[in-house]
Structures are given as C-alpha cells and as structure tokens.
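Start from chain A and add chain B according to the hints.
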Amino acid sequence: MASAVPDSGHVARYCSPLRIDHGELQASAFLLRRDKNEKVLSVNWLEKIHPSDRAEQIRLLQQTFAEKMARVSAAAEFAVLNVGGLRKNVADGCPECPLLEVRHLPKQDDPSHSGIFGIERDDQLVAELLLEAVLNHYPARSPRL
Amino acid sequence: MTHSRNMAVARVRSPNVGLSGGTRWDPDIVPHDIGPSGTDASAEFVDLVVGTPVETQRVHIGSGKPPSAMTTHSYTVISSSAATTSQDVLSVLSREFGNKRIAIAGETIGRAWDPYFTLHGFEIREPQSLQPEMQAARNEKLNLTGLARWVTISQLWPSLRITAAVFGDLSEDLGSGAASIRGTSESGTRNFESIIREIAATPGCGPAVSNRLRELRLQQSEDSESAEVSIESLKSFVAFLHSVRGIRLPSLSLTPDGNIYASWRKYDRVFSAEFRSGGLATYVLFRPALGGTGSKLRSTGSVPAGQLLSIPETSPAVWAFS
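In the order they appear, the protein sequences are chains A and B. Counting in numbering that gives the first Met the number 0, the first sequence runs from 0 upward without gaps. Counting in numbering that gives the first Met the number 0, the second sequence runs from 0 upward without gaps.
What the hints contain is simulated information worked out from the structure, not anything from laboratory work. Watch out, some of these pointers could steer you wrong.
In silico lysine to aspartate or glutamate, DMTMM-like type, Cα no more than 20 Å apart, as pairs [unchecked claim]:
1) A:K87 to B:D267
2) A:K106 to A:E66
3) B:K265 to A:D20
Just chain A, with the same shape it has in the complex (with noise of 0.2 Å):
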C-alpha cells in the first residue's frame, strides 16, 4: 500500500510548455490524460528528496527528469503545493468532490514520484481549484543541464 504524503508535505507537478501562456500556469496542467484512461495525477514529494531546502529540491528535481525524460522544454516548470493546501482547497471549492488523496508511489528512476488520488470526477473543477493552491512555479530544466 502506497503511503500518504502528510499535509505538511509539498509536491511538484511537472508542467509541460503547453500549459503555460506567456509564463502563465493554466489549470490543464492539473488535467488527467483521459485518452489513456489515467487516474493519478503525477507529482513528486518534494521532501522526498530533501527536508527543506527548496532550491537542493528542485535541483535534484530537474536532474531526475533530465535523466527520465526524452528532453525537459526550456519552457517547462514545476509547480509546487502544499498537499495540505491543495487538499482543503479542492474540498472547500467541490464539497461534492472526493476528497483528494496524495501517495507517494516511488518509480526505479523516480524515487519521489507521487500521485494525487481523486480527481477524475470534475476534474476540470479540481485542476481549476488546483492551481489556485500553486505556492510558487520554478524552471523544470536547470539552465546548467
């Protein structure tokens, strides 16, 4: 059974270009991949990876998914919330919602890779209410890498 990131945990969602418009999120990058029946949206447990330097997190972030990925867009970034945060926040907006689960659900190549639980009834609701709860976006792509 995979475990629960607590509340007090953060995650980072990778947002492809296409998500963004001019530097800005938009709820898509929050939306499942219905064509390929996902269920989970993909994240990483960010004090997975270390406890609490942001900037060692992302670095680390980025180093994984240059390893993973084809190619990592310059253009691309990651955005991170409070699981906490981002819990109350789809229930307060969608009481009817199921209220939204994070587990952490380690991959060979990606050790702190995670999902959220929950999301594919209203998902364009939750994806909306989940980027109201993004705390802050950084490059996906180290300009070093």
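The following block gives chain B in isolation, referenced to the frame of chain A:
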C-alpha cells in the same frame, strides 16, 4: 446558352478574395453542362463568383455521387485566379451562413480535398446522419423559413433558406446533437492549417488566437509525450469564436488529450473552457458571491461550444468580453 431547368443563378461576392469594383456578373458564363449523368438530378445549382471571371473555369461536382434523399446544393466556382482556394470560398460561406450552421463537404475533381489547391467545386449538403432528425424537424415545424439572417441567401436561392433554417432550428432544438453532427460531417475534410486560417480571419482576437495556436502546435511537435492538437476540439473552438463578438483574448493551452483550453481571468474571477469533440465545451466559472461575504460561487457544465457564453449559467462571465 441554355440553362438547366433546375438551375438558379446568383452571385455571392467576397471582399476577401480579390473582387475588384469592376467585377460584373455575366450570365453568359454560367455553366451550361451541369446536371448530366452522375449528378444528383434533384440538385439545384448556383454559381458563386469568387475572383474575377476573366477566364471562366468551372468543373462541376457531384459526379458519381448517389442522389440523396436530401437536397444537395452544389456550388460551382467561376474563377480565373489560381489563388482562389476552397478556403476563400469557405470564408464567403462562413459569413453568409454562419459556418456552424451548415455542413460543408468539399472536393476537387481528381484530387483529395486540400484547402490550398485551387477550388473547382464543392457542395453543401445535409449530413446523412441528420436525416431522421431533419424529417422530424420538418414534421413538427412546417414553417422553417422566415429567419431574418437568411434573407440575403433566400433572395439568391429560396430553397437554400429552408435548409439553412432547419439547421438553425436544430442547433437550438437538438443542442449538442446538432453540434456533434457538424463534427461528423466535416471530419476528414479540414486540417489544422485551414482551420487556423479561418480563425485568423475572425474579427477581434482572431489573429492573436491563430498565432497562439500555431505556437502550441509547434511546441506540441517537440513534446513527444503530449497528444496532437485535436482537430475536433479546434472545430468546437471555431464554433465558439463564431458565436461571440468582442471576446477578449484568452490564455490558451492544450490539455493532455490535445484539446484547446481557454481561460479568462479578471481579479478573482475565472472562466475557463475546454473545447471537446462533438462540438461540446465544458466550462468552469468562479466568481465572488454577492453581498461581499468573501465566498466564491463555482459552477461547471457542458454545453454546445457555440452557446458557451449565451446560456444563463455563464452570463455572469460577461467580463470575458472586451
């Protein structure tokens, strides 16, 4: 010259396709060999003049097509200009008919449909799949004429008004059903670039929107993990653009499925729409509750894209207009 008995002659001018002030309709260049074997005998023909008819070039269409139970309306283009493309004609029709109301099927003789080839002919017809609904609409609404927006066309060709009016009614009566039929009837006949050109010609934010969509397509081609831009979604987006005037330029992005996602934001208000296949759009609307309580009202829904901002539920998003 003898005109076919069923032929109606008319002229539609397009300022977008290079008509000069001296262009004149000449009945002597009306094609005289329409309607032989292979062509729908019940069809009525009308000539659409696009470009300057210095030299007459026309090729009839409809050859080999089985006569349809529905009336097939065929247009023949008379043009001397190799630069006259089907897109030019579509542009004329879009204005005349409101593109979302009708199905346009196009073909060139001996070639696959391509908006960049010189157009030889095309036809407007009711999609086969609409036949039961059309008949039902006719049975229930015998008086399908009289819509003011078709007056111009009806002066040219009265029977066309009936067809157009039926589609207009169906758009309202059948809702998403009518929208999905549009998608079906046009499938395979339009590609990304032809739709983008149509968007670029849309007044207001059309040029900026088309640039952004081209940018997204370029980015998508470099992103192996993302789905291609959905043509069906683009068609829905076009239906929306044609249904509104003075809309502000939205933020545009692609969903993981390749659908167009448009967002308008103003202060703490959000109106976002995902344009899906079948002429549908799903929307999310956030706005502050009345009374200064600080709480927000949030609503979602699914509507035919052409009615996205014309239903009561989305009327609070009037700020999306400039």
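Holds or violated: K87 (chain A) with D267 (chain B), Cα cutoff 20 Å? Roughly 18 Å separates the two Cα atoms, so the pair holds.
Taking only the CA atoms, is the gap from K106 (chain A) to E66 (chain A) under or equal to 20 Å? holds (13 Å)
Checking one constraint from the list: CA of K265 (chain B) to CA of D20 (chain A), max 20 Å. Satisfied? holds (16 Å)
Of the numbered hints given earlier, the model fails none.
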